[in-house]
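Visitor: Given the structure of chain E, go ahead and fit chain F onto it with the hints provided.
Chain residues, written in single-letter form:
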Amino acid sequence: MPDYLHALEQQSIHVIREAHARLKPLAMLWSLGKDSNTMLWLVRKAFLGRVPFPVMLLDTGNEFPEVYEFRDRLLAEWGLDYVNAACPPIEATDATLPPAARAAARKTLGLKAIIAERGFRGILLGIRRDEQLIRGKERVFSPRRPDGSWDFRNQPAEFWDHYQTDFPADVHVRVHPLLAWTELDIWRYVERERIPVCELYFARGGKRYRSLGESDITFPIESDAATIPEIIAELERTRQSERAGRAMDHEREDTFERLRAAGYM
Amino acid sequence: MERAAPLVLVLAGHVDHGKSSLLGRLLHELDLLPAGKAEELAAMSTRRGVPLEWSFVLDGFQAERDQAITLDTTRVRLKTPNREFVVIDAPGHKELLKNMIGGASAAAAALLVLDVQAGSEEQTLRHAYLLKLLGIRALLVAINKMDLPGYAEAAFEARAREVTAALARIGIEPIAIVPVSARDGANLRERGAMPGWYRGPSLVAALEALPAATPDRVLPLRMPVQDVYRHGERRVLAGRLDSGRMAVGDELVFSPSGRTGKVAELLSWPGPAQDAVEAGDNASVVLDRPLVVERGDVASHHEHAPKLTAVFDAEIFWLSATPLVPGRELTMQLGPRAAAVRVQAIRHRIDVATLAPELAGTIAAGEIASVTLRAHELIAVDDFAAMPATGRFVLRDAYVTVGGGIVDASGYPDHRAMPDRARNLTPMRHQVTETERASRFGHAGAVIWLTGLSASGKSTLAMALERRLFDGGYATFVLDGDNVRRGLNANLGFSPEDRQENIRRVGEAAALFAEAGFVCITAFISPYCDDRRRARAAVAKGHFLEVYVKADLAACEARDPKGLYRRAREGELKGFTGIDSPYEEPEAPDLIVDTMQENIAACVDKLIEFVAARCRV
Chain E
0 MPDYLHALEQ
10 QSIHVIREAH
20 ARLKPLAMLW
30 SLGKDSNTML
40 WLVRKAFLGR
50 VPFPVMLLDT
60 GNEFPEVYEF
70 RDRLLAEWGL
80 DYVNAACPPI
90 EATDATLPPA
100 ARAAARKTLG
110 LKAIIAERGF
120 RGILLGIRRD
130 EQLIRGKERV
140 FSPRRPDGSW
150 DFRNQPAEFW
160 DHYQTDFPAD
170 VHVRVHPLLA
180 WTELDIWRYV
190 ERERIPVCEL
200 YFARGGKRYR
210 SLGESDITFP
220 IESDAATIPE
230 IIAELERTRQ
240 SERAGRAMDH
250 EREDTFERLR
260 AAGYM
Chain F
0 MERAAPLVLV
10 LAGHVDHGKS
20 SLLGRLLHEL
30 DLLPAGKAEE
40 LAAMSTRRGV
50 PLEWSFVLDG
60 FQAERDQAIT
70 LDTTRVRLKT
80 PNREFVVIDA
90 PGHKELLKNM
100 IGGASAAAAA
110 LLVLDVQAGS
120 EEQTLRHAYL
130 LKLLGIRALL
140 VAINKMDLPG
150 YAEAAFEARA
160 REVTAALARI
170 GIEPIAIVPV
180 SARDGANLRE
190 RGAMPGWYRG
200 PSLVAALEAL
210 PAATPDRVLP
220 LRMPVQDVYR
230 HGERRVLAGR
240 LDSGRMAVGD
250 ELVFSPSGRT
260 GKVAELLSWP
270 GPAQDAVEAG
280 DNASVVLDRP
290 LVVERGDVAS
300 HHEHAPKLTA
310 VFDAEIFWLS
320 ATPLVPGREL
330 TMQLGPRAAA
340 VRVQAIRHRI
350 DVATLAPELA
360 GTIAAGEIAS
370 VTLRAHELIA
380 VDDFAAMPAT
390 GRFVLRDAYV
400 TVGGGIVDAS
410 GYPDHRAMPD
420 RARNLTPMRH
430 QVTETERASR
440 FGHAGAVIWL
450 TGLSASGKST
460 LAMALERRLF
470 DGGYATFVLD
480 GDNVRRGLNA
490 NLGFSPEDRQ
500 ENIRRVGEAA
510 ALFAEAGFVC
520 ITAFISPYCD
530 DRRRARAAVA
540 KGHFLEVYVK
550 ADLAACEARD
560 PKGLYRRARE
570 GELKGFTGID
580 SPYEEPEAPD
590 LIVDTMQENI
600 AACVDKLIEF
610 VAARCRV
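Each protein sequence line maps, in turn, to chains E and F.
Per numbering that gives the first Met the number 0, residue 0 is the first one in the first sequence, and the count goes up by one each step.
Per numbering that gives the first Met the number 0, residue 0 is the first one in the second sequence, and the count goes up by one each step.
With the rest of the complex left out, here is chain E (with noise of 0.2 Å):
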């Protein structure tokens, strides 16, 4: 009997293989986070061991130095095609925005930059429905309107998986892959396949990063678990949310409903 990984992992290659078949052309976000690594192998499996499209990251110049040595690492044993997008600065973005959200706002400008210069119809993104509650409303293919927003009021009715993947020419697409993984999924995962995962998210001196943003608005939990062994473990008795140490979330309580309204991530 195949295991629930293994059920998650092919729903989601089947939403990538979807994606590509229907949405040209088609990018997707690396934001070198344990997500995404683990999207990039799943579209590795969909594909036989290709990435048959580019590679994205939101370049704002302030990850941390070890998320950058990461990416050069990965970029030289897999032959990615990969596309830095830079963000514009701070002073573009809203500012009514509280101040570590305007940092994140940073992402949505550059991604909409992007996406207007190279035209792409669909965006792969590796974010999950139980990391915020704004995001768990999502659809695995969520139409955004020509300036990137999010209409979440309306959104298509998605029924069983016959998806849902034409629309005007103005319309851009974000694909969800894995919408229905958790945070012990993803680790769980990691484990099983051996997936490379930046050396940030395993405690040194006590602390550990268990979600990874900017380097100026995210910060490290207390923690001993050094091997992913450990991390599940630490997971499976916790009672911290994922992104107690991200910043943003925490300002006032629309402000991640702002952000993603906007077009964020």
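It cannot be assumed that every hint is accurate.
[Unchecked claim] With a Cα cut of at most 16 Å, we get these calculated EDC-like pairs of lysine to aspartate or glutamate:
#1 E:Lys111 x E:Asp169
#2 F:Lys573 x F:Asp497
#3 F:Lys131 x F:Asp407
#4 E:Lys23 x E:Asp165
#5 E:Lys206 x E:Glu241
#6 F:Lys540 x F:Asp559
#7 F:Lys36 x E:Asp169
#8 F:Lys78 x E:Glu235
#9 F:Lys78 x E:Asp129
#10 F:Lys78 x E:Asp184
#11 E:Lys206 x E:Glu233
#12 F:Lys36 x E:Asp184
#13 F:Lys36 x E:Asp165
#14 F:Lys78 x F:Asp146
#15 E:Lys23 x F:Asp226
#16 F:Lys261 x F:Asp274
#17 F:Lys131 x F:Asp350
[Claimed, not checked] Listed next, the stretches of chain F that the computed footprint assigns to chain E, with coverage defined by at least 3 CB atoms under 8 Å from CB atoms of chain E:
#18 228-240
#19 277-289
#20 333-345
Honestly, the hints are just simulated from the structure, not real lab data.
Each residue gets a CB set at the ideal place from its N, CA and C atoms; glycine is no exception.
Guide: For chain F alone, kept in the frame of chain E given last:
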């Protein structure tokens, strides 16, 4: 260690009966809320001046918390002591039906939440009906807000009886009916706080006892082709197995083309190629021969291949604000397959309050209906009842999803078995020409094809017409069930395929009579448009005259000269046209004779005039 897949469970029920609150409280009782969440909820509730509102755990949108209503579905993992669940919280409000259906379509089981003090409103029934339509068989009922009547047994029993009766009419027997209070947290994890009269399970115990989802591996193979890749020198067919199993060496047939090929390799990365794949797996198939296969083709084995038909019935839910009318053109999506379809007929609407089928000219948003759909060409379909994964579809109008439904093609024949008209034969040239025959007989040969329900008057008209034509000097002959079924078609029964073959042979025989110069009259129900079209194609252009002998079901049933309708109604005759087998009305008949409006003599006069105008030289 292998982990069992969590059971996917949808919460359904009327708006305000407390679905989100129940789930929020359940997460709290099971100690699954993140640290500080309960305090955060208390703060959110205080800001809005309401008592602690557990639904805020899941209602992620600001607007949902402000209105205390769920707008869109969300999913959470629920871990009970002995089992894991994915719980889909779907909105109960009528306006948000599409979100509810979207959520429910992913589930294997359902928890129907009811307010102990409210009645079984239409919306509850609608949800229950939709759950059944979507194929969800395992249903649990939670009767919520038990704190309001002070946990009174009588209140619970009254509500339980009412919902049991309502569900029975839909054909659902709930696995358990559990009294709970989300506000007090009563009978969620443990029965503890419940009064002594209640001896049933706690909600968690009832959830843990739900049956596991049945695997589709035992069903026949279906792999809709999703894409075709080039991988080195090889062409790879990409597709997910919706059901069944596929192994290297299997001979596959692709529908609708009917092309065949053998599985040479099942590629995989990383690691070696696979020997076999099964339901749920994404296959990378290399065939043993180059074959034209494209996205949307369905791979199966030869045995248990999908049905090929252009027309089928479907039960649909309609979501668009623009009502559905017959003749509407839509796009039907079945997985990677898309087909243009026309709504040939609205068979009936289901009234969810009474669950009775009712005649309807249009179908409005939120309504459920049985319709007949016609594709522009043959497509491969499965009956939902037998093959759920490939028997359901979505309806789109341009970029908008307007509905969805399930296929019931059981009343229509499979075109896979139909022989092509012999392609390799060269017809002999007759030395007697068509014109010579027409001048000898004084009229051209023709087929007068009478179609209509049983007891509409076809045979009576055919015999009267034959008498009058013969007396008027015509060479004429009637083919009807009596002279054909006993000889030429003695080997055929009454299955859709046999009925199709029966009509095919009648069509061919009638064509020979017409070619011989006769006016050949046929009197068969011939319920399918496709069969009549094929009969028309067998005859020289202009010499096939389709006559609709019009009388509606009620009139025919009232006549019932042979007692056939009565026997069909009593279940003694199966597959009887008009009762449990479809009749497709002719869309553009050459003549209509209405036997409800006119007597037989008047109808025959009309026919004589028609034949003379079309055939006399």
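Visitor: Tell me the numbers of any earlier hints that the structure contravenes, in ascending order.
Guide: 6, 7, 12, 13, 14
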